[in-house]
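Guided by the hints, dock chain B onto chain A, whose structure is given.
Number of protein chains: 2
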Amino acid sequence: MQGIRIVDLTSVLSGPYCTWLLGSLGAEIIKVENPDGDMARVSPPFKDGISLYFASLNRNKRSLVLDLKQPDGREALHRLLATADVFIENMRPGVRDRLGCSDEDLLRINPRLVRASISGFGQEGSLARRPAYDIVVQAMSGMMSINGSLGGEPTRVGFSVGDIASGLFCAIGILERLYRRDAKGAAQTPPVDVSMLACQWACLENAFARYLNAGIVPGPIGSRHPSFTPFEPYPTADHDIVIALGSAKDWGRFCQAIGRPDLEHDPRFEQDEPRLANRDLLDEVLGAHLRAHPSAYWLETLAAAAIPCSAVNNIASIAESDIAREYAAFSTVETAEGGPMSFVRSPIAPRNAPPERAAPALGQDTRDILRELGYGEGEIEALATFPR
Amino acid sequence: MQGIRIVDLTSVLSGPYCTWLLGSLGAEIIKVENPDGDMARVSPPFKDGISLYFASLNRNKRSLVLDLKQPDGREALHRLLATADVFIENMRPGVRDRLGCSDEDLLRINPRLVRASISGFGQEGSLARRPAYDIVVQAMSGMMSINGSLGGEPTRVGFSVGDIASGLFCAIGILERLYRRDAKGAAQTPPVDVSMLACQWACLENAFARYLNAGIVPGPIGSRHPSFTPFEPYPTADHDIVIALGSAKDWGRFCQAIGRPDLEHDPRFEQDEPRLANRDLLDEVLGAHLRAHPSAYWLETLAAAAIPCSAVNNIASIAESDIAREYAAFSTVETAEGGPMSFVRSPIAPRNAPPERAAPALGQDTRDILRELGYGEGEIEALATFPR
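Line order of the protein sequences matches chains A and B. Take 1 as the starting number for the first sequence in the working numbering and just add one per residue. Take 1 as the starting number for the second sequence in the working numbering and just add one per residue.
Be a bit skeptical, because a hint or two may be false.
Pairs count within a copy or across copies, as identical chains cannot be separated in the list.
[What the hints assert, rightly or not] Each computed BS3-like pair below joins lysine-lysine, with the alpha-carbon atoms no more than 30 Å apart:
| hint | residue 1 | residue 2 |
| --- | --- | --- |
| 1 | LYS47 | LYS184 |
| 2 | LYS249 | LYS47 |
| 3 | LYS249 | LYS69 |
| 4 | LYS184 | LYS69 |
| 5 | LYS184 | LYS249 |
Keep in mind the hints are simulated off the structure, nothing from the lab.
Bound conformation, chain A alone (with noise of 0.2 Å):
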């Protein structure tokens, strides 16, 4: 996406992630902030002073702050905008109009901007004007109802889905209004209008089909599939280990490598049916096996005879693991303020792309992005001198 400038002014996670995602693509990213910034940036931990939350997500942007309370510095926004290829945002609905930022602003600026806005419930409604936090979002869609422990309490998704799943279908709507634009010739494109409510739903499709059609109602499952067996965590003389067959006929190759080929023709077991009607019993007696030797031992054995398995890893044994070596998981920009910083890799970079750039200091860009947009070095500094 070299040659597509993108006018960020996201805060927080949804809109961040998605820029991070179009930025590791070779767009531009020209994130604007408040005098006080992107409310990430204090957040904790922080390493070299730098908020790890803020520091991961906006990599690969420029930072330009203005005050958009004052005309000058909204009138430099639209001087901004008017060169630019997409403008997102992810305030509270109406919030941007206050900035000079309605849809009709936008449009009589620049009338080929691709325009996104990320909220908890979409523009209109009666819902658009109240306050969204991922856990809210995750409460309301249904997203915790199914999530947590066999029969136990609702939980909260342990990452930040209502966010990221939002970013992600922004991106993708941002993509297809450009894709309208440059390659299909539209002279506009329609707004995109992400729910973060709206995604969450669309993350949770195949639960609002079971409800819809069958009249089922999912509760939380733990890690236990449904209607397949085995197809879970089990423990070994170390750490848990998942094994997940995935067809009947991986029944009789799994007794085999184990080492328990009397299980094989078990009647108890051996169908389909009996064996998830029999699944404790059966649970008891792969844990009481398995429990004989460490998970890496198991974990070959499973491999060599393509059961599909893995460690039950968490974030630093599989950080560590020569699999996020090989398959580079991480990649090391260098802060101005402090030393090197690893963080996530894009999945979707290029495997070419030039290493990825730090997240900037607050406003480190703005006298640069002023001066491209023609303002004069006076009028540069009463616009970069804060407190105004």
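Frame of chain A; chain B shown alone:
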């Protein structure tokens, strides 16, 4: 994406999710199945003999059945690919080579074809040929390790985030390649190689940022926010609700709103840090107070005070809610075999999109598509009769 033809050799979840979304944006999706059909067609539960799992994911697609083990089946696929914009598959790496769809085959047939693959661990490397399922990548990536009850066992995320995240990333990759080809004039684009494992890592960017740069190993934290409170579910006289105070200045307003002004300046709770340290006590105090009224009362009270909040819905309560109705959460399709069926609407489909079409019966479009490719009736009869 009108006029974009996507030849879809994916099955089950990750790939079909990706093409469901691209279809909802107007692309033509031709689902190529072997005579047995996508495995998901036999995944329970069923309505009128139709798998709900399959029916949700395969809306707005055409079904072409070909026997790719036969040379003339492969030849028909190749003729189709010569007319296509995108090829997508989610087989185990290497398998498509045997179907005449290696990278070399595809580029020979159609040098401009955008090619996309989703696999457990990417097309290359030591794990490439390993079978993978959602739970395997959730376990290996570290995803399970941060999900579940506070201090409890690592727990599979309740929806198939391993598959769905990879489908979303793949849609982004495909759109970016199409943009490069059709807007920037690239004669050929590198393949989109989506690794489910790498997509899980991307979802976990925050967890890895903490570990890699501050040595923190996050574990399951249930539904509590690690650094804010109230930011979690609370009991009421009937159902649990989530209350999420976004900033320090919400606290006073919250205490007033719930009729506990005495708490506002209580030294144990007034400031963020002591409040966090005394959260168990606060939970007791709030729990006792909130149990005096039902959830509807509290949600109204809190919303009026602009405190972010929500019912902790289950799939039924949100599906039957005014919110789902107002926001048109679901779309209804007419099936040929049975009555209407309802599913989650694509969150990025245009508002004026035509009504969704039901998932296709196995091979329902085979003859039409072969005819469009210029096959004569005799050839069509031979190609479309199974078993052959």
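To see whether the hints hold, each was checked on the structure:
Proximity of LYS47 and LYS184 under a CA criterion of 30 Å is satisfied in neither setting, with 46 Å inside one chain copy and 40 Å between copies. Only between protomers do LYS249 and LYS47 lie at most 30 Å apart by alpha-carbon distance; the minimum there is 27 Å, versus 51 Å within a single protomer. Proximity of LYS249 to LYS69 under the C-alpha cut-off of 30 Å is restricted to the inter-copy arrangement: shortest distance 21 Å between copies versus 66 Å within a copy. Proximity of LYS184 to LYS69 under the C-alpha cut-off of 30 Å is found in neither arrangement, the shortest distances being 37 Å within a copy and 38 Å between copies.
When the C-alpha separation of LYS184 and LYS249 is checked against a cutoff of 30 Å, the pair qualifies neither within a copy, at 49 Å, nor between copies, at 48 Å.
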